[in-house]
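Undergrad: Spelled out from the first residue to the last, the chains are:
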Amino acid sequence: MNVIKFDVITNNYQLKTINQKIMNSIQKLFQQKDKNLLSIYFTCGYPNLKDTTKVISALEQSKVDFIEVGLPYSDPLADGPTIQDSSQKALQNGINLDIVFEQLMTIKTTNKTPLVLMGYLNQMLKYGEDKFCQKVIDCGIDTVIIPDLPMVEFENHYQQLFTKYGITNVFLITPHTSDDRIQKIDSYTKAFIYVVASASITGAKGEISNQQIAYFERIKAMNLKSKLIVGFGISDKATFNTACTYANGAIIGSAFIKNLGINGVDKIDEFVKPIIS
Amino acid sequence: MKSQFQPDENGYFGQFGGAFIPELLYPNVKELEDNYIQIIESEEFQTEYKSLLKDYVGRPTPLYFAKRLSEKYGAHIYLKREDLNHTGAHKVNNTVGQILIAKKLGKTNIIAETGAGQHGVATATVCALMGLDCTVFMGEKDIERQAPNVARMKMLGAKVVAATSGSKTLKDATNEAIRYWIQNPETFYLIGSVVGPHPHPDMVARLQAIISEEMKWQLKEKTGKENPDTIIACVGGGSNAAGAFYHYFDDEEVELVAVEAAGLGVNSGESAATSQLGEVGIIHGSKTILMQDDYGQIVEPYSISAGLDYPGVGPLHAYLYESGRATFLNATDKEALTAAYELTKIEGIIPALETAHALAVLPKMDLKKDQVVVINLSGRGDKDLETYIKHLKE
Chain A
864 MNVIKFDVIT NNYQLKTINQ KIMNSIQKLF QQKDKNLLSI YFTCGYPNLK DTTKVISALE
924 QSKVDFIEVG LPYSDPLADG PTIQDSSQKA LQNGINLDIV FEQLMTIKTT NKTPLVLMGY
984 LNQMLKYGED KFCQKVIDCG IDTVIIPDLP MVEFENHYQQ LFTKYGITNV FLITPHTSDD
1044 RIQKIDSYTK AFIYVVASAS ITGAKGEISN QQIAYFERIK AMNLKSKLIV GFGISDKATF
1104 NTACTYANGA IIGSAFIKNL GINGVDKIDE FVKPIIS
Chain B
27 MKSQFQPDEN GYFGQFGGAF IPELLYPNVK ELEDNYIQII ESEEFQTEYK SLLKDYVGRP
87 TPLYFAKRLS EKYGAHIYLK REDLNHTGAH KVNNTVGQIL IAKKLGKTNI IAETGAGQHG
147 VATATVCALM GLDCTVFMGE KDIERQAPNV ARMKMLGAKV VAATSGSKTL KDATNEAIRY
207 WIQNPETFYL IGSVVGPHPH PDMVARLQAI ISEEMKWQLK EKTGKENPDT IIACVGGGSN
267 AAGAFYHYFD DEEVELVAVE AAGLGVNSGE SAATSQLGEV GIIHGSKTIL MQDDYGQIVE
327 PYSISAGLDY PGVGPLHAYL YESGRATFLN ATDKEALTAA YELTKIEGII PALETAHALA
387 VLPKMDLKKD QVVVINLSGR GDKDLETYIK HLKE
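Chains as they are written, first to last, in my numbering: chain A, 864 to 1140; chain B, 27 to 420.
Hints listed in this document are in silico derivations from the structure and should not be mistaken for laboratory results.
Note that the Cβ used here is the ideal one computed from N, Cα and C, for glycine as well.
Heads up, a few of these hints could be off.
Below are the DSSO-like pairs computed for lysine-lysine, each with C-alpha atoms no more than 30 Å apart in a straight line [to be verified]: (1) Lys1121(A) with Lys167(B); (2) Lys167(B) with Lys185(B); (3) Lys133(B) with Lys1047(A); (4) Lys1088(A) with Lys56(B); (5) Lys167(B) with Lys952(A); (6) Lys971(A) with Lys917(A); (7) Lys246(B) with Lys93(B); (8) Lys1090(A) with Lys56(B); (9) Lys1121(A) with Lys898(A); (10) Lys1047(A) with Lys56(B); (11) Lys1053(A) with Lys896(A); (12) Lys28(B) with Lys80(B); (13) Lys80(B) with Lys180(B); (14) Lys1053(A) with Lys56(B); (15) Lys167(B) with Lys360(B); (16) Lys76(B) with Lys242(B); (17) Lys194(B) with Lys952(A); (18) Lys1090(A) with Lys1100(A); (19) Lys1047(A) with Lys898(A); (20) Lys394(B) with Lys246(B); (21) Lys1100(A) with Lys975(A); (22) Lys926(A) with Lys1083(A); (23) Lys395(B) with Lys360(B); (24) Lys913(A) with Lys194(B); (25) Lys1053(A) with Lys975(A); (26) Lys1136(A) with Lys1121(A); (27) Lys1053(A) with Lys1090(A); (28) Lys56(B) with Lys1083(A); (29) Lys167(B) with Lys416(B); (30) Lys28(B) with Lys246(B); (31) Lys390(B) with Lys248(B); (32) Lys1027(A) with Lys1090(A); (33) Lys194(B) with Lys1121(A).
Some residues of chain B that are not near chain A, with every Cβ distance over 12 Å (derived) [to be verified]: (34) Ser77; (35) Tyr99; (36) Glu170; (37) Arg171.
Examples of chain A residues lying across from chain B (beta carbon under 10 Å, computed) [what the hints assert, rightly or not]: (38) Ala941; (39) Gly943; (40) Asn959.
Only chain A is shown next, with the shape it has when bound in the complex:
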């Protein structure tokens, strides 16, 4: 009897460690809070080269739930003019992947807000896929968004690579993504599904249309296992609240970048507070 008891305890213990091991930072966040999550996207090295860590600290103090860390890219196909401009400015400031990783290392122990890295596939490819993944993990990050990484390439290669390093990839879905494809994405998702609010590139749009609401309702009715975060076109309290009616939270990008460009890092709290209050 004792032996059997011991086995059960060991198994439970092992299961618990495995669960903890595979539970990613965003999943842990969802355990504490799964409604009205606010994520902010910002571009590293913008408006000034050394602002990366200042922006993260300010966002943490403003109680943003998680932060999307944008890697500036020369040809960001999925991004609108605001993020394009901020990327170009950051590159002119001299930002590069090595500097980004150095900057992120300096706040690794102090920052408690989960970070999600967003960049384009060519950046990872050129840096070296293994080297990139190792650096990401070293910086305490375990979730990436790569908008030009298609599902078939994920299945054929990147799924294995990411699993090796304990990294999880966030997929995007759009109003034109079929239900079959959404189900498949749901099965691959560990952190959250990025629900692109409309057929668009990033950038503030103003209101959320009835058509968009119908799309959010369709996704909600699918009862997916994954948490949903809405992005693209979320710019203020009104659009954030609407998105949160249908999803677990929303991401604000371009509107924040615009504000950052005008008011700098010192006024971040004034941007965030009205949205979460």
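Knowing the structure of chain A, use the given hints to seat chain B on it.
TA: Frame of chain A, contents of chain B only:
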């Protein structure tokens, strides 16, 4: 048997190709991928395509034996006269084909990118012909240096949108076209070269293949043999070269020469010789050879020719380069200008600046007396007159 120079089921030529697109574009690209071969191979398409090429475009284009050029370089040099096509370049072969595919798929809004303006004009032309709406994205810098083509597009009823991001040239025009496509998924992106996500490179290559299809029977008529010893074509994205090489890929004895733009010199920092300066990377949805820095940021290319200053090359060409099937040479701005003046003077043909790069490698080649060389004369030089006049004075 399927040629190794045709893409596999995921759109790869060796390690190059694929479809690295945001999820937003997936339905559009999938729709095309599921239908393009079936449409192109249908009797209905072939009849209409061939009929338009004959009566509207003016094909077959002549294969002209350039006697004086041959004497000068001591070889048998033929010029495939794509410059005699309606709208002045090979580009129209592709736009006629794609507009028929667009119609078949029920698309009414057409978008395109353009560098020198040749593809923009060819797209605006077929849109006028079919009564479809046309928007052309063109780099701000190219709008300035290719004014006559901008005027032609507008006259043809197209809306010309200036791409003001990045280097304000072809790469950025393509970015803007793709961004517009993401926001307007009902549009048909009529891409101008063998670039972009699968199936675009293969589709465009198939539509340009008419060039080498004609070359085969024309050469046979003139020389008794279907195969030349050498084919030379310039490469920006690579569509005219793809068309000129297409039916010769598996004829290993035919030497294929691709000529890139070296700008002020391959190592001058002002160049577009992608195969010499690039490394494996992803641009416009395709894995290929790409000019980039140590961090994967795309480097802005330079060439006097607005049709060749592209930082990448189509995935098929990346494979032709890597496999050694094609030889990649390059020509500087100056060499291209010299070659253009020479052809004008001794043959009475003013070539496009792009095409002049292909002509410019003749002095660098070790040509034999009986060597049969075909140069794909991809376009005419009307659009480049301002540049030619300016440099003639210098």
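Undergrad: Determine for every hint whether it applies to the structure shown.
TA: Against the structure, the hints come out as follows:
1. Lys1121(A) with Lys167(B): Judged against 30 Å, a Cα distance of about 27 Å means the pair holds.
2. Lys167(B) with Lys185(B): 17 Å, holds
3. Lys133(B) with Lys1047(A): Given pair Lys133(B), Lys1047(A) holds - Cα atoms ~29 Å apart, limit 30 Å.
4. Lys1088(A) with Lys56(B): 27 Å, holds
5. Lys167(B) with Lys952(A): Since the Cα atoms of Lys167(B) and Lys952(A) sit roughly 20 Å apart, the hinted pair holds (cutoff 30 Å).
6. Lys971(A) with Lys917(A): Given that 30 Å is the threshold and the Cα spacing comes to 13 Å, the pair holds.
7. Lys246(B) with Lys93(B): Cα-Cα ~18 Å, so holds.
8. Lys1090(A) with Lys56(B): Satisfied, since the Cα-Cα distance of roughly 27 Å is no more than 30 Å.
9. Lys1121(A) with Lys898(A): 26 Å, holds
10. Lys1047(A) with Lys56(B): 17 Å, holds
11. Lys1053(A) with Lys896(A): Holds, at roughly 16 Å.
12. Lys28(B) with Lys80(B): 29 Å, holds
13. Lys80(B) with Lys180(B): Since the Cα atoms of Lys80(B) and Lys180(B) sit roughly 26 Å apart, the hinted pair holds (cutoff 30 Å).
14. Lys1053(A) with Lys56(B): 26 Å, holds
15. Lys167(B) with Lys360(B): 21 Å, holds
16. Lys76(B) with Lys242(B): 17 Å, holds
17. Lys194(B) with Lys952(A): 16 Å, holds
18. Lys1090(A) with Lys1100(A): 21 Å, holds
19. Lys1047(A) with Lys898(A): It holds: about 24 Å lies between the C-alpha atoms, which stays within 30 Å.
20. Lys394(B) with Lys246(B): 20 Å, holds
21. Lys1100(A) with Lys975(A): With Cα atoms ~24 Å apart, Lys1100(A) and Lys975(A) stay inside 30 Å; holds.
22. Lys926(A) with Lys1083(A): Roughly 26 Å between the alpha carbons, so the hint for Lys926(A) and Lys1083(A) holds.
23. Lys395(B) with Lys360(B): 27 Å, holds
24. Lys913(A) with Lys194(B): With a Cα-Cα distance of about 28 Å, the restraint between Lys913(A) and Lys194(B) holds, given a limit of 30 Å.
25. Lys1053(A) with Lys975(A): 20 Å, holds
26. Lys1136(A) with Lys1121(A): 16 Å, holds
27. Lys1053(A) with Lys1090(A): Holds - the C-alpha atoms of Lys1090(A) and Lys1053(A) are around 9 Å apart, at most 30 Å.
28. Lys56(B) with Lys1083(A): This hinted pair holds, its Cα atoms lying about 25 Å apart.
29. Lys167(B) with Lys416(B): Roughly 18 Å separates the two Cα atoms, so the pair holds.
30. Lys28(B) with Lys246(B): 25 Å, holds
31. Lys390(B) with Lys248(B): 26 Å, holds
32. Lys1027(A) with Lys1090(A): 23 Å, holds
33. Lys194(B) with Lys1121(A): Roughly 23 Å between the alpha carbons, so the hint for Lys194(B) and Lys1121(A) holds.
34. Ser77: 35 Å, holds
35. Tyr99: 40 Å, holds
36. Glu170: For Glu170(B), whose nearest Cβ neighbour in chain A is about 21 Å away, the distance exceeds 12 Å, so it holds.
37. Arg171: At about 22 Å from chain A, Arg171(B) clears the 12 Å cut-off, so the statement holds.
38. Ala941: 5 Å, holds
39. Gly943: Since chain B brings a Cβ to about 8 Å from Gly943(A), closer than 10 Å, the hint holds.
40. Asn959: 5 Å, holds
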